[in-house]
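Order-wise, the sequence lines are chains S and A. When the first sequence is numbered by the working numbering, its final residue is 176 and no position is left out of the sequence of numbers. When the second sequence is numbered by the working numbering, its final residue is 252 and no position is left out of the sequence of numbers.
Calculated from the structure, these hints are not laboratory results.
Simulated pairs of lysine-lysine, BS3-like, Cα-Cα distance not exceeding 25 Å:
no.: 1; chain 1: S; residue 1: K132; chain 2: A; residue 2: K7
no.: 2; chain 1: A; residue 1: K8; chain 2: S; residue 2: K132
no.: 3; chain 1: S; residue 1: K46; chain 2: S; residue 2: K57
no.: 4; chain 1: A; residue 1: K147; chain 2: A; residue 2: K207
no.: 5; chain 1: S; residue 1: K57; chain 2: S; residue 2: K132
no.: 6; chain 1: A; residue 1: K250; chain 2: A; residue 2: K221
Note that the structure is predicted; figures quoted are calculated from it, not measured.
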Amino acid sequence: MADGLSFENLVAEYYEPLYQFAFSLLREEAGACDLVQQTFCVWAAKGHQLRDGAKVKTWLFTTLHREFLGARRRQIRFPHFDLEFVEAELPVVEPAATSQADADRVLAALSQLDEAFQAPVALFYLQDYSYKEIAEILGVPLGTIKSRLARGLERLHGLMADKPVRDPNNELSPNN
Amino acid sequence: MNRDDIKKILWLYRPGSLDAQDPEVLEALGLARQDPELSRWLETQSRKHQAVRQKMRQIPVPAGLPASIIREHHVQQRHDFWRQGGYLLAAAAMVALFIGLPVWLRAQRSPGTSFANYQTEMAAVALRGYAMELITNDPVEIRRYLKQNEAPADYILPRALQEAVMAGCAIESWQGSRAAMVCFRTGRTLSTGAQSDLWLFVIDQTKVAGAPGNSLPSIAKINMLTVATWNQGGKLYLLGTTAGEAELRKFL
Numbered sequence: 001m002a003d004g005l006s007f008e009n010l011v012a013e014y015y016e017p018l019y020q021f022a023f024s025l026l027r028e029e030a031g032a033c034d035l036v037q038q039t040f041c042v043w044a045a046k047g048h049q050l051r052d053g054a055k056v057k058t059w060l061f062t063t064l065h066r067e068f069l070g071a072r073r074r075q076i077r078f079p080h081f082d083l084e085f086v087e088a089e090l091p092v093v094e095p096a097a098t099s100q101a102d103a104d105r106v107l108a109a110l111s112q113l114d115e116a117f118q119a120p121v122a123l124f125y126l127q128d129y130s131y132k133e134i135a136e137i138l139g140v141p142l143g144t145i146k147s148r149l150a151r152g153l154e155r156l157h158g159l160m161a162d163k164p165v166r167d168p169n170n171e172l173s174p175n176n
Numbered sequence: 001m002n003r004d005d006i007k008k009i010l011w012l013y014r015p016g017s018l019d020a021q022d023p024e025v026l027e028a029l030g031l032a033r034q035d036p037e038l039s040r041w042l043e044t045q046s047r048k049h050q051a052v053r054q055k056m057r058q059i060p061v062p063a064g065l066p067a068s069i070i071r072e073h074h075v076q077q078r079h080d081f082w083r084q085g086g087y088l089l090a091a092a093a094m095v096a097l098f099i100g101l102p103v104w105l106r107a108q109r110s111p112g113t114s115f116a117n118y119q120t121e122m123a124a125v126a127l128r129g130y131a132m133e134l135i136t137n138d139p140v141e142i143r144r145y146l147k148q149n150e151a152p153a154d155y156i157l158p159r160a161l162q163e164a165v166m167a168g169c170a171i172e173s174w175q176g177s178r179a180a181m182v183c184f185r186t187g188r189t190l191s192t193g194a195q196s197d198l199w200l201f202v203i204d205q206t207k208v209a210g211a212p213g214n215s216l217p218s219i220a221k222i223n224m225l226t227v228a229t230w231n232q233g234g235k236l237y238l239l240g241t242t243a244g245e246a247e248l249r250k251f252l
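Okay, chain A solo, but in the shape it has when bound:
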């Protein structure tokens, strides 16, 4: 290592720093100390660096800077909190919507298990049309079919209704329960396409909130349908026809 090499290495040397830990610098320092001329050069060089170093470190720092940084940080944190809170709020709203919407829709579709609602829905089934699942005039067949499909089959018919001609049956679903629909013919002329004009709906009484406990039929008018409802043996009966009350009473 000649003098120029040593100077090249020590030109970047800062006394008192970690530079001396570099093996190359360490070697150059050792050689420089053995050479009076290089020692003087190194001393001068070190003073120069030290002077610039001191001046650079005298750069004044604004007194309010740390407070300003911390203040800005807190503002940013609050901003982030609200921004994050906004996302959380939106997410919570979405979750509530997904959970609440089906419940709300179901509630809109079904006002409940009230007796009035049962009457309205069964009347609608009779008036708006239905599909008989079993077409037969055999009362035994009808009971068997209803029993097989877990609908009330052990119903008790009023004496007059026992005389009426059966046309078939269907099973209606209502609020998670099954109602038996037995179709009859009054003997009057049926309208075009009609297969029956007298309908009996039977359901477990406990499934209908507020169902009348009276065993005597009570007559009501639900839209175009005249209905008689009564209770017997823990079952709620609803007999309806479009032929009017007088015709209806013939079968009670």
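With the rest of the complex left out, here is chain S:
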């Protein structure tokens, strides 16, 4: 496990990015706090099993996402979309529209994305994780993550530009 890293230090170092990730998934403060709390609870119980101290952050994000999915499953059953091997698509978005967006607007747009796109897009922007690391955290293949990111980003920017966005489940070719 992460030798020499006390629980307090761990919390101090990671609570912020974890909260932002949780909030981007839930868009609700109390729920996000609970999710982060639960993540650290799991760490307190199982963190000692982690041998590679360099993977603490990834472990925490993975755990948070699992807890999120677990809570969701308990609440509702949602349809599964198989998005593997879908080509990347490019949106038609004016730069000005994006730059004017504030955090609320970004999150509002994020909330309109399909569930499968939300976590990859949130991690894409909140953290500097590589595509591979995002794939590891979310437990899906690298190709799937790339396609979900491409679709999710297209839809997100489309929503923020207040322009119609095509159905992400349809095959689209990139445009400029």
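We have chain S; now place chain A onto it with these hints.
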């Protein structure tokens, strides 16, 4: 790699991140920089990503969250400690029970090595019935049997008792020691099924705590049995009969 391919790859490119370490991204970046149109597109694209990235990272975090997490952790730790402590306590109680119960039961069964207890138990043997291990009226045979079985065999009988008819013997276990039981007949009519009506118990005196040091017999009544006890040559003698004190005294 054509323009569409390059755009597909660089659509996920975040400037300043590790994305540029991907060989595919690196190649696409190189090609884009050589193409003015693609360069402009990439610049626009990068600005868009950067803007969203900044906004996402501005999500305010509740100030009390870390304190709340740590507080909850400490509460959980205390809870775990007591829960674990409870298990330990239960385990300790079980161990104590397993160790203590046999000791307690043994203590209940045997009040100790006291003289009073010895008297009571030997009287009970005589009154409640016993099984003679050797049935013979031969004093030599009886001594040999007792000696072979590591029971006191070098006992000294009072002169009157030497005249009594022997019926046999048995060995009684008492507090980890062996007591010799020699059975006699007083000459009175025996009750149905009885083989003797006078019993002598001999044990090493050191095995009985508080055994009388007096060599003169002292008479006592233990339930229906009248007993005489005395000490001689380091051995404790207990002679008993149901025929009463007067009959008993005839053999002392």
